[in-house]
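Chemist: Residue numbers (UniProt numbering), protein chains in the order written: chain A, 1 to 223; chain B, 1 to 223.
Be aware that a few hints might be false.
Pairwise CB distance ranges, derived in the manner of DEER restraints [claimed, not checked]:
| # | chain 1 | residue 1 | chain 2 | residue 2 | range |
| --- | --- | --- | --- | --- | --- |
| 1 | A | 87 | B | 62 | 32 to 40 Å |
| 2 | B | 208 | A | 133 | 43 to 51 Å |
| 3 | A | 116 | B | 212 | 55 to 63 Å |
| 4 | B | 101 | A | 87 | 31 to 39 Å |
| 5 | A | 43 | B | 220 | 44 to 52 Å |
| 6 | B | 117 | A | 60 | 24 to 32 Å |
| 7 | B | 159 | A | 119 | 48 to 56 Å |
| 8 | A | 93 | B | 212 | 46 to 54 Å |
The set of hints was computed from the structure by calculation and includes no laboratory data.
Cβ coordinates follow ideal geometry from the N, Cα and C atoms, glycine included.
Protein chains: 2
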Amino acid sequence: MKVDLRLYAILDPERTHGRDLAELARAAAAGGATLLQYRDKYADTRDLVARARAIKAALAGTGVPLLVNDRVDVALAAGADGVHVGQNDMHADDARRLLGPQAIIGITLKKPEHVAELAALPVDYGCIGGVFATASKDNPDPPVGLSGLAHLASSARTTRPGLPVGAIAGIDASNAAAVIGAGADGIAVISAIFMAQDVKAATRNLRGIVDASLARRASGTER
Amino acid sequence: MKVDLRLYAILDPERTHGRDLAELARAAAAGGATLLQYRDKYADTRDLVARARAIKAALAGTGVPLLVNDRVDVALAAGADGVHVGQNDMHADDARRLLGPQAIIGITLKKPEHVAELAALPVDYGCIGGVFATASKDNPDPPVGLSGLAHLASSARTTRPGLPVGAIAGIDASNAAAVIGAGADGIAVISAIFMAQDVKAATRNLRGIVDASLARRASGTER
Numbered sequence: 001m002k003v004d005l006r007l008y009a010i011l012d013p014e015r016t017h018g019r020d021l022a023e024l025a026r027a028a029a030a031g032g033a034t035l036l037q038y039r040d041k042y043a044d045t046r047d048l049v050a051r052a053r054a055i056k057a058a059l060a061g062t063g064v065p066l067l068v069n070d071r072v073d074v075a076l077a078a079g080a081d082g083v084h085v086g087q088n089d090m091h092a093d094d095a096r097r098l099l100g101p102q103a104i105i106g107i108t109l110k111k112p113e114h115v116a117e118l119a120a121l122p123v124d125y126g127c128i129g130g131v132f133a134t135a136s137k138d139n140p141d142p143p144v145g146l147s148g149l150a151h152l153a154s155s156a157r158t159t160r161p162g163l164p165v166g167a168i169a170g171i172d173a174s175n176a177a178a179v180i181g182a183g184a185d186g187i188a189v190i191s192a193i194f195m196a197q198d199v200k201a202a203t204r205n206l207r208g209i210v211d212a213s214l215a216r217r218a219s220g221t222e223r
Numbered sequence: 001m002k003v004d005l006r007l008y009a010i011l012d013p014e015r016t017h018g019r020d021l022a023e024l025a026r027a028a029a030a031g032g033a034t035l036l037q038y039r040d041k042y043a044d045t046r047d048l049v050a051r052a053r054a055i056k057a058a059l060a061g062t063g064v065p066l067l068v069n070d071r072v073d074v075a076l077a078a079g080a081d082g083v084h085v086g087q088n089d090m091h092a093d094d095a096r097r098l099l100g101p102q103a104i105i106g107i108t109l110k111k112p113e114h115v116a117e118l119a120a121l122p123v124d125y126g127c128i129g130g131v132f133a134t135a136s137k138d139n140p141d142p143p144v145g146l147s148g149l150a151h152l153a154s155s156a157r158t159t160r161p162g163l164p165v166g167a168i169a170g171i172d173a174s175n176a177a178a179v180i181g182a183g184a185d186g187i188a189v190i191s192a193i194f195m196a197q198d199v200k201a202a203t204r205n206l207r208g209i210v211d212a213s214l215a216r217r218a219s220g221t222e223r
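Same shape as in the complex, but just chain A:
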């Protein structure tokens, strides 16, 4: 499944100022998010399913796919379009078996070993991180920085040519162009979208930066 990773909006109830998840999802889609992930490490399963369903309904007609972080059961129950799995989440082989060939499955890439495994994994994108320090997640690993990102993205392109590769952690309007310049096909964003007062405007601004940076890269002005 070909995934548009340009602006990957990650909706985590802990980083929303307590606002309605469905409304936030709709605002991000309206602002130009190309993919949305629902990530929730605390809710009970019944609430996870209800929230994922509400977000999926909010995205109806927008063309923006909904992925669920980690939880294949929640994705299946809510009719989401797939899952994002970290290195300690369900193995991509198992997720693919349970979700079927049409589902979108993405994976977190933190280290060269993870990139090396990409060749054999049934995933539709990789997301490199953490690129910068972030307040959104407890992360025991040090950020890879722009040079680490460039190295991992380049390796991923060698291992799995054509696989979209995004970047995550601490990305906002101030550094998004540099992230794309370092080789990412898109940015995954939590706080810079969903902690913004005007989610739609913040999304639109980021999307503009990404599109311009990708165009510059394609025209050879950078890299």
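Using the hints provided, position chain B relative to the given structure of chain A.
Modeler: Chain B in isolation, oriented as in the chain A frame:
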């Protein structure tokens, strides 16, 4: 799916003295457990799947089905026989849809409202609790006691005739006979099995008490 609920052994890594889960499962099966549940509120999904697989493999040939607490994704990935869902876990309708008609699905019954909903739920057993106080789980609700158990079990029999009804929380060799006497078709046990030094012997002892109590009830000596 007809479920034998006489001795339902619940394996929670927090209540095992750190021993190997597969070996504990095998010991419980050898001692006469009729159903086994893997419950784990802390492990990452990847570990949950690996542990559930190991337990399922350990039960091969014993005839003892393996259920996973809450997590339908883990049950599906590990090839478990079903799930046990609490009132905040995935709705039984969703679990049935994802797991199929052959899976075993059980539900926790804490209150008369839960029993009243039984009529419409695609579940194979109910488990009433907490009957007594327990160290195995944070439980905000007060124990229902033997009289509450008797009342809920009787209501469940009216709502869903023939549905096996178990009991959970604080049940051990000292009170198992009273629990069966109050109307439970079986007992769900955590610590009295898996915190025991000799798991097989503890299981066998409990199974003997349950069988004798069920026989007494069937012959009309009690109840």
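Chemist: If a hint holds in the structure, say so; if it does not, say that too.
Modeler: Consistency of the hints with the structure:
no., hint, result
1, A/87 x B/62: 32 to 40 Å, "holds, 34 Å"
2, B/208 x A/133: 43 to 51 Å, "violated, 60 Å"
3, A/116 x B/212: 55 to 63 Å, "holds, 60 Å"
4, B/101 x A/87: 31 to 39 Å, "holds, 35 Å"
5, A/43 x B/220: 44 to 52 Å, "holds, 48 Å"
6, B/117 x A/60: 24 to 32 Å, "holds, 30 Å"
7, B/159 x A/119: 48 to 56 Å, "holds, 55 Å"
8, A/93 x B/212: 46 to 54 Å, "holds, 48 Å"
In summary, the one numbered hint that this structure violates is 2.
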